[in-house]
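Engineer: As a plain string of letters, each chain reads:
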Amino acid sequence: MKRAVLLWAPLALFILLATFMVLKLRNPGDQTIPSKMVNTPVPEFALPAAADGLPGVSSAALAGKGPHLVNIFASWCVPCAAEAPQLKAIAEAGVPIVGIAIRDRRPDLAEFLGRYGNPFRAIGADDQSKVQLALGSSGVPESFVIDGKGVIRLQKIGPINPDDVASIIAAVQAAQ
Amino acid sequence: MKRLVALILVGLAVVAAPVLADSGMPAAPYADVQLPDPKQEAKAQALMETLRCLVCQGQAISDSNAELAGDMRSLVRERIAAGEDPEAVRAWLVKRYGSWVTYDPPFDRSTWLLWLAPIIFVVIGAFVARGSLKRRRK
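Line order of the protein sequences matches chains A and B. Numbering follows our numbering, in which position 165 of the first sequence is assigned residue number 176; successive positions increment by one, without gaps. Numbering follows our numbering, in which position 41 of the second sequence is assigned residue number 848; successive positions increment by one, without gaps.
Isolated chain B, as found in the complex (with noise of 0.2 Å):
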């Protein structure tokens, strides 16, 4: 019954295939195709590691099979290989999306306390263990 089932889930998912698929059309120029400048590569590689993609939420561009994916690293690549700051580069993103987009996410009013938690926690522990050596010495 169970090998059944699964089965039935198989083919369905085979079925189903196309109604999710992409388009079909070419990948775009950069999208899986290094810039031929090792120095920018890295640079592209780096900026495409922390960014979001759009679609499958959660992965990094760099990551992702999304078709949307490889059209950001495209963008990110051809933009690099144009002589743009990898900054500028995920500013020109955060600008339409918002800080959502980049995994580097700035230092504002809905960040502080996740910058500074790290801080917070250090003076808390110094706190404890203040506390508990002052104890012991007793």
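Only chain A is shown next, with the shape it has when bound in the complex (with noise of 0.2 Å):
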């Protein structure tokens, strides 16, 4: 009887584990990486201006401003332009929203405010996305809500969806 146990152990073993990752490979979920800059200040970064007319982005210019939206796009990037709408309903509201564009040609990124609005009071251009790694980030769009001390509150990765608006707003207002 033990000795049988002892025997097809091994075989149930294997059969246990094959099970776990067929299941984990068929469904391996959440891949995104969030970053752990959230509850921390911002990290030091002063971005040269992206578009004519509006200013760069500083991490000094952000902190005792009151709190901002940083939006993290670029013109070649299809969500970004999915999520616009959101951005504008989002400015609209009272909510100053900065954007930081990654590695983007100032002629793309004009025609790109033209035809889909500017909800920003002020772009950064970061060439070779360095302040977006400073700060976590790992793809475009991604949000972070600034607090009026420069503290990153919160982090959306991917498009803001017409349903994550109000709790967008509602995270800004709450971030004094």
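In short, the hints are calculated from the structure, not lab data. Note that the structure is a prediction, hence the values are computed from the model and not measured. A hint or two may mislead.
[Claimed, not checked] Taking beta-carbon pairs under 10 Å as the criterion, some of the chain B residues facing chain A (in silico): (1) P833; (2) P836; (3) Q864; (4) L875; (5) M879; (6) G905; (7) W907.
[What the hints assert, rightly or not] Have a look at the derived ranges for each label pair, beta carbon to beta carbon: (8) A:G125 to B:Y910: 26 to 34 Å; (9) B:A889 to A:L24: 47 to 55 Å; (10) A:R126 to B:A895: 22 to 30 Å.
[To be verified] Derived pair list, reagent style DSBU-like, types lysine-lysine, alpha-carbon separation capped at 30 Å: (11) A:K13 to A:K167; (12) A:K167 to A:K141; (13) B:K902 to B:K941; (14) A:K13 to B:K846; (15) A:K76 to A:K99; (16) A:K76 to A:K47; (17) A:K47 to A:K141; (18) B:K850 to A:K47; (19) A:K47 to B:K902; (20) A:K13 to A:K47; (21) A:K141 to A:K160; (22) A:K141 to A:K35; (23) A:K141 to B:K902; (24) A:K13 to A:K99; (25) A:K160 to B:K902; (26) B:K902 to B:K846; (27) B:K846 to A:K35; (28) A:K76 to A:K160; (29) A:K141 to A:K99; (30) B:K902 to A:K167; (31) A:K76 to B:K850; (32) A:K160 to A:K99; (33) A:K35 to A:K47; (34) A:K76 to A:K167; (35) A:K141 to B:K941; (36) A:K47 to A:K160; (37) B:K846 to A:K99; (38) A:K76 to A:K35.
Even glycine gets a Cβ: it sits at the ideal position worked out from N, Cα and C.
Please dock the two separately framed chains into a single complex, following the hints provided.
Structural biologist: Laid out in structure tokens, this is it:
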């Protein structure tokens, strides 16, 4: 009896392990990589202006001027165009939005703003994704809520959908 | 029929490619350029092989063609050229992305089993070997 158990145990273990692996391969679960910078101060940076008529973005300008929404985007990013109406709605609700344009060409960005509207008060040009990496962001679009003291309070990975608008506005208002 | 489907798929892939396009901006200065100092380049290369690309998950940044991986390579090389220790660069990234970003995970609450498993298996193996050797002696 004991011998039979010992004999079959490896096979049973193998089947158990294989089942687990197959299940995990078929449904890998959440693949997003949340930033560990949430609830820490914004790292220091200063980006030059990316568009005519709008200033650039710096960490110094973000601190002490009330809460902000920082939107990481690019004109070459398709979901960024899809979230444009939502950003417009958030801006119209009085939330100051600053943009960080990742690896963007000036003419492309101007065309993007012309086509989808400009919800941004300032846009910084992050040509080598340096600020994106410093913020712990791993793609476009992403949005960060920065509170009045310059501390990151929330990270939204992926486009802001119509359902998210109210909660983002509430998060910015809560982040005094 | 199959060939037709294949042709259509190839056609679609060609048409669809620009939608997935990257930015078209030039690569960061040290994304694909080695550092002039071979010692520093070796250090950077060793580090890049153990950093995980954020976009093409599962590839090291040294292996990946993604633009963000190129920007990460440039960041690694620039920091090492500035005299930073490779482990400090790794720590800088881990602070932002968690141990997810490194292929050399630290020993902590979620990885202790991973690190101790080899020792545990050797111990189990020793017990099994002892048992079967004893039996054989009898």
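Engineer: What are the numbers of the hints the structure violates, in ascending order?
Structural biologist: Violated hints: 8, 10, 11, 13, 14, 20, 22, 24, 27, 31, 35, 37 and 38; rest satisfied.
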